[in-house]
Amino acid sequence: MQTYFIELSYLLASILFILGLKGLSHPETAKRGMHLAEFGMLMAIVGTLVHHEIITYTWIITGLVIGSLVGLAMGVWVPMTAMPQRTALSHAFGAFAAALVGVSEYYRHFEAGVHLDRITMAALGFEVMLGSLTTTGSLLAFAKLQGLVRGTPLTYKGQNVFNMALLTATTAIFIYLIVAPGSMPLFFTMVGLSLAFGILLVIPIGAADMPVVMSLLNSYAGLASAATGFVLSNNVLIIAGTLDGFSGFILSVLMCRAMNRSITNVLFGAFGSAAAEATAIGDGRQGTMREVGLDDVAVQLAYAHQVVFVPGYGMATAQAQHAVRELANVLEKRGVTVKYGIHPVAGRMPGHMNVLLAEANVPYSSLYELEQINPELPATDVAIVIGANDVVNPDARDNPASPIAGMPIIEVDRAKSVVVLKRGQGKGFSGLENPLFFKPVTGMLYGDAKDSLTHLVQAVQHA
Amino acid sequence: MRSETLIASLYVFALAAFLGYQVISRVPPLLHTPLMSATNAISGISLVGSLVTAGARYNTVSTILGFIAVVCSTTNVVGGFVITDRMLKMFKRKPTAPEKAVGKKR
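Chains P and V supply the protein sequences, listed in that same order. Going left to right, the first sequence walks through residues 0 to 462 as numbering that gives the first Met the number 0 numbers them. Going left to right, the second sequence walks through residues 0 to 105 as numbering that gives the first Met the number 0 numbers them.
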């Protein structure tokens, strides 16, 4: 009877999770979908609490209370600009929990002198390895995104060979443990190596590649949960973990496609250093950048028919999304059509820019995807680039020797006029030179993006 | 684990993967950040595994590990859902005034 109750609550939860994710196919249905998923989660937890193996509730309740408080605090107070960091941290938590359950299962059988059978040991090995490497990898990603560690890729000679050797050693131990699960020191060596591997995997990855890494870690965290499901023979865990794993996988593929690179290239390519070589070769196109004044830009904007904003990570760091919205409001009042072109890899995680602009009350019907905005650009009077760089770099289209050659870009250089809001004259995160800045059609507006935009609002009002 | 259990689990895994692919590839790029935080919250379901470990009194080590796992997963579940809701509330079709105008045209 009790088993039926538990299993039925899991079945209900699984169905509600799938319906919840299905709701996310449209912004109108998304909220309702999430409420379904939340209800499903509640059911699954209530169902589990009657499990016959549970003897004491002290630790369970304490854990639930602490976790809820921390989660609630994070949920309510984390600003939208910090969403990538928060997501990285939650990947780490999820993966860590999976790893701990795995270690605990192993330890419990070891203590009781029961040998794990090969199938369970294989699943458990996957769970613990994926869980451990995702924990440390995500923590490092968090540190990079939070600015605790420098975002530039760290590479050294023989890095890939070393990583491969480490991976091979870990796999070898894993296979040995499947055959002979009794060796506790080996098991913990495997855990240790996986923890180290997670760090080494993320160290060489630059800030511009973060969307791919975030998606990939998402995938690993999900698969670790799915593996937990195999160990515990728990179907709802398998289903939820697999959904998470595949969601992350699909996002990684989409992000890679948006950069015209393969996953192996992102993980083992160490982008930043290759970029430096390519620009060293140089080309004759480097002229002078044309600086424009606030008032000139304001006049251009005030008498434009259509203006397109192209935001990048710089908008997030400058917290400029509200100022963008104010400027758009002023322009729309004057009858200017305002659109936003969002590149899939703009920002530090998939969909980052959309969330920031939504926070600033930009209606989602004004947000255009890459393929939708490009045909609009020739008819655009002014394209304003706010803290974006690689995603508007015409080299990706024109220069086959460029490290980002073939990456689809938002072709702002086809607009009648381009204004680039940039903090200084330096290169972007990827260290690539951007020929867009030297084109005659481009004007550079230096300074903090938020200040520039706020001043533009006033200037347009007076124009 | 018996081999029948493994086969049944593999069935569930394969079908969930297939379904997940179908459902998730329909999510527009607009909602990719909420998607990530929602799937994160959902995979916090590993909480049900941690709950048993924390409450079953197998041995002290297991209880401690289980307890930490409960804290981590609950943080993910609660934080993930709260933040997803918060994000989704921000996505609006149009400011209220033009929406009415569209309604009249229909």
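In short, the hints are calculated from the structure, not lab data. Every residue gets a Cβ at the ideal spot worked out from N, C-alpha and C, and that includes glycine. Honestly, I wouldn't trust all of these hints.
What the hints assert, rightly or not - Derived CB-CB ranges, DEER-like:
1) V:3 x P:397: 21 to 27 Å
2) P:365 x V:3: 51 to 57 Å
3) V:6 x P:163: 51 to 57 Å
4) V:24 x P:374: 19 to 25 Å
5) V:4 x P:362: 46 to 52 Å
6) P:287 x V:92: 40 to 46 Å
7) V:60 x P:14: 34 to 40 Å
8) P:113 x V:3: 18 to 24 Å
9) V:9 x P:181: 40 to 46 Å
Please list, smallest to largest, the hint numbers that this structure does not respect. 1, 3 and 9
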